[in-house]
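Asks: Given the sequences, and given the hints that come with them, work out the whole structure.
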Amino acid sequence: MMSLILFLVASLLSGLGLAWLAAVNPKRRRVYGLSRPAPVVPWQKWAMAVLVLLPGVLLVVFGQVAGFVLWLGAVTVIGWMVALRRPALTR
Amino acid sequence: MIKLSQERTRRLIAVHGWSAVICGLFLYVVVLTGAVAVLVHEIGAWSVGGSKVAEPMAAPVDATLRELIETVPEAQREDVSLFGNAAGEIVAYFHTHQQNPASGNMEDFGTLMDIDPRSGEVLRSREDYGSEVFNAGPGDALDRFIVDLHVNLHLPEPWGLYATGILGLVMLVAAISGLLIHRHLIKDAFVAPRPTGALLEKKDRHVLAGTWGLVFGFVLAFTGSFFSFATALGLPLVAITAFGGDQVAALETLSGTPEASDPAPVPMANLDAIHARSAAEAGSVPQFTSVSHWGRADSQVLVFHAPSEGELTGTTNLFDGATGEFLGVKPSLGTVPSAGTVAFDLMGPLHFGHFAGLLSKIVWVCLGLAMCYVTITGLQLWLQRREEDPLWRRLASSVEVVAYGTPIGLAGAAHVFFLSYGRADTHYWVASGFIGFSLLTIALGLLLPRAALHRTLAGFLGALFVLLPFTRMLLGGTPWAEALAGGNGVVVAMDCVMVLSGVICCRVAAGLGWMPRFAALTPRAAT
Amino acid sequence: MSANTPDTPAGQGRGPLLARWIVAGPLVLVASILVMAGMTAWFPEGAAGINHLAFPILLFPAIWALLFFYALLDARPWRAGAVILALAVANGVPVVSAVQTMMQGAG
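Protein chains in written order, with full-length UniProt numbering: chain X, 1 to 91; chain L, 1 to 527; chain D, 1 to 107.
What the hints contain is simulated information worked out from the structure, not anything from laboratory work. The structure displayed is predicted, hence computed values, not measured ones. Keep in mind that the hints are not guaranteed to be accurate.
[Claimed, not checked] No more than 20 Å apart at the CA atoms, straight line, and that leaves these computed lysine to aspartate or glutamate pairs for EDC-like:
| id | chain 1 | residue 1 | chain 2 | residue 2 |
| --- | --- | --- | --- | --- |
| 1 | L | 330 | L | 311 |
| 2 | X | 27 | L | 188 |
| 3 | L | 52 | L | 42 |
| 4 | L | 330 | L | 252 |
| 5 | L | 330 | D | 45 |
| 6 | L | 361 | L | 157 |
| 7 | L | 361 | L | 298 |
| 8 | L | 330 | L | 298 |
| 9 | X | 45 | L | 188 |
| 10 | L | 202 | L | 389 |
| 11 | L | 52 | L | 116 |
| 12 | X | 27 | L | 201 |
[As the list claims (entries may be wrong)] Distance windows between CB atoms, simulated:
| id | chain 1 | residue 1 | chain 2 | residue 2 | range |
| --- | --- | --- | --- | --- | --- |
| 13 | L | 507 | X | 33 | 20 to 30 Å |
| 14 | L | 474 | D | 43 | 53 to 63 Å |
| 15 | D | 22 | X | 43 | 40 to 50 Å |
| 16 | D | 101 | L | 184 | 48 to 58 Å |
| 17 | L | 496 | X | 62 | 30 to 40 Å |
| 18 | L | 398 | D | 22 | 27 to 37 Å |
| 19 | X | 57 | L | 496 | 33 to 43 Å |
| 20 | X | 34 | L | 198 | 15 to 25 Å |
| 21 | X | 43 | D | 90 | 47 to 57 Å |
| 22 | L | 184 | X | 40 | 10 to 20 Å |
| 23 | X | 27 | D | 79 | 32 to 42 Å |
| 24 | L | 327 | X | 62 | 46 to 56 Å |
| 25 | X | 33 | L | 512 | 18 to 28 Å |
| 26 | D | 43 | L | 514 | 44 to 54 Å |
[Unchecked claim] Covered stretches of chain L (chain X as the covering partner; in silico rule of three or more C-beta atoms under 8 Å from a C-beta of chain X):
| id | stretch |
| --- | --- |
| 27 | 57-64 |
| 28 | 434-447 |
Glycine is no exception: its CB is placed at the ideal position from the N, C-alpha and C atoms.
Replies: Shown next as structure tokens:
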């Protein structure tokens with residue numbers, strides 16, 4: 001049960017990080033003719049990287065090998081789903 | 001990302017495209033059935049209306065086995081394998097080793113019995129070689145058909161394994177060449193398909209799914225091609241160079257089987273006590289038990305366990321068969337831990353995704369379906385670029401037919417399974433059902449205009465999916481209330497998965513998105 | 001990945017294309033099978049005495065892919081062919097001698 005919760009929390013955090021990355025991704029915004037976002041400041045870049053990657057690192061650190069592999073699989077599916085959805089603002 | 005000269009990139013694109021055009025549709029069939037086969041145990045349990053008991057291998061079995069082994073021919077009392085099937089029965093295989101005249105290989109030969117774990121009654125019994133005898137019961141037809149289609153495309157050995165092994169290599173090539181061709185992997189990782197033009201949108205869809213699926217595409221292709229070639233090519237060759245061609249000796253060295261040393265007859269230790277001790281050591285119910293040299297002084301019992309929580313690989317406990325003494329954890333290869341064992345142990349969980357129960361299986365199904373999506377969108381992209389050419393245009397409908405025909409064949413086979421279960425030879429009818437529904441799809445592909453094909457097939461598939469639970473229950477399958485009362489939530493869950501898949505297909509057929517757009521509810525920001 | 005080596009004009013025309021087909025196709029396949037079989041002779045056995053058996057079987061897809069992409073990406077297909085052939089011959093020696101011993105044993 002503990003493994004399940006850790007995995008779900010890790011995937012959720014990474015998913016949030018991916019959603020953030022997608023939201024401010026310059027090419028994605030340009031392609032859809034969205035407004036240019038405020039330029040990403042360094043701390044935000046760090047925060048995004050940490051949000052996406054740290055959960056996986058922590059799973060390994062705490063010996064959750066299965067959780068890590070599962071997280072890796074889940075992140076690739078979540079990232080795809082996040083990127084596949086068109087921004088809601090498109091005409 | 002990786003800068004290659006134009007000439008090299010051109011070659012990579014040619015290999016990426018042509019290998020897909022030649023093998024892509026077969027690859028799709030193998031990958032799709034693989035994604036479905038991740039849930040093989042659940043499909044098996046669903047098809048027979050659930051498991052008789054939750055954990056057949058937790059039931060006492062020692063007394064039953066002692067009684068049953070007296071009923072098989074003396075030569076077959078050498079080894080015993082024991083496991084629980086999807087219907088919740090104990091499967092016991094009393095066997096010896098002899099050459100199979102059909103294949104020329106040394107194989108297990110003996111009597112296999114399906115046993116009711118509650119009463120010890122033998123439900124079915126059959127005598128055959130190891131390559132034929134497993135999953136041959138009437139309730140195994142559907143799951144076995146799917147697995148065989150994935151593993152060997154129903155081709156004879158070893159050609160089927162060679163074929164799927166080569167398809168694995170093709171997928172490996174597609175993943176690596178895709179990575180090398182695509183120059184803006186990171187930059188484009190969040191570019192949703194552009195609605196500007198059909199070609200660009202197809203390209204975006206393919207590239208996006210390929211980008212995110214790259215790592216696991218590689219992993220699944222590598223492990224899959226390993227599984228195909230390991231027994232069909234690797235083991236025989238390694239046996240030639242290291243063991244003078246003796247495959248049995250090679251296998252025994254690899255598996256770390258000790259040489260027979262003491263044939264003196266000795267009564268077997270109590271298997272229930274061994275199971276109990278092993279369960280206490282591993283923290284889970286045994287999954288598979290293998291007794292070698294039953295009733296001899298040198299008898300050994302291996303008890304296999306699924307991975308415990310948080311682990312990727314399972315454990316195997318070794319017991320002395322004569323005394324019942326726990327001899328320790330046995331590495332899957334050799335007798336002491338080694339790098340080879342670690343690498344080998346990773347292959348299974350990485351390919352099958354069964355290391356964390358239903359959760360990991362669901363993730364693996366998604367990964368498999370993502371691979372299917374990459375394959376089909378890639379083929380569509382190739383064909384759309386050559387739309388002017390009548391020959392390629394004809395191939396475009398065949399992509400549609402195979403993309404929908406494979407799941408239509410599988411769903412149709414499931415319907416036919418329920419029709420024949422308990423009434424006729426399920427193995428024959430499942431295969432016939434698959435072929436019949438595939439031919440029907442091909443006929444639709446030939447008759448219907450291309451514009452109408454996509455939606456018609458999606459609707460057909462959706463209808464087959466939605467109707468599956470009704471077919472199952474109308475033809476005597478376990479109803480939901482009974483399944484839930486018997487702890488078989490899996491039956492209900494699978495019914496729901498079928499209906500949900502059907503609804504998604506029907507939405508596609510109706511020209512809607514595959515799921516409702518929740519994002520549309522958010523207020524529009526000023527642009 | 002060797003990034004900036006320019007391709008020679010030798011990479012054009014029918015001859016080199018055919019050579020690349022032969023090298024990247026049958027030659028790579030035969031070579032990777034021989035490397036797998038021959039590896040058992042030189043790969044370290046490890047503590048359990050199984051690494052020299054397990055790793056060749058485990059690594060076969062990787063061996064094939066490595067040789068295939070080398071044959072595909074090398075500017076001169078014949079040079080790649082020569083390297084792969086040398087690898088195949090070197091690893092084929094223990095295989096041939098094992099087969100010979102087997103034949104003698106059988107005969």
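Asks: Of the hints stated earlier, which fail here?
Replies: 6, 7, 15, 24, 27, 28
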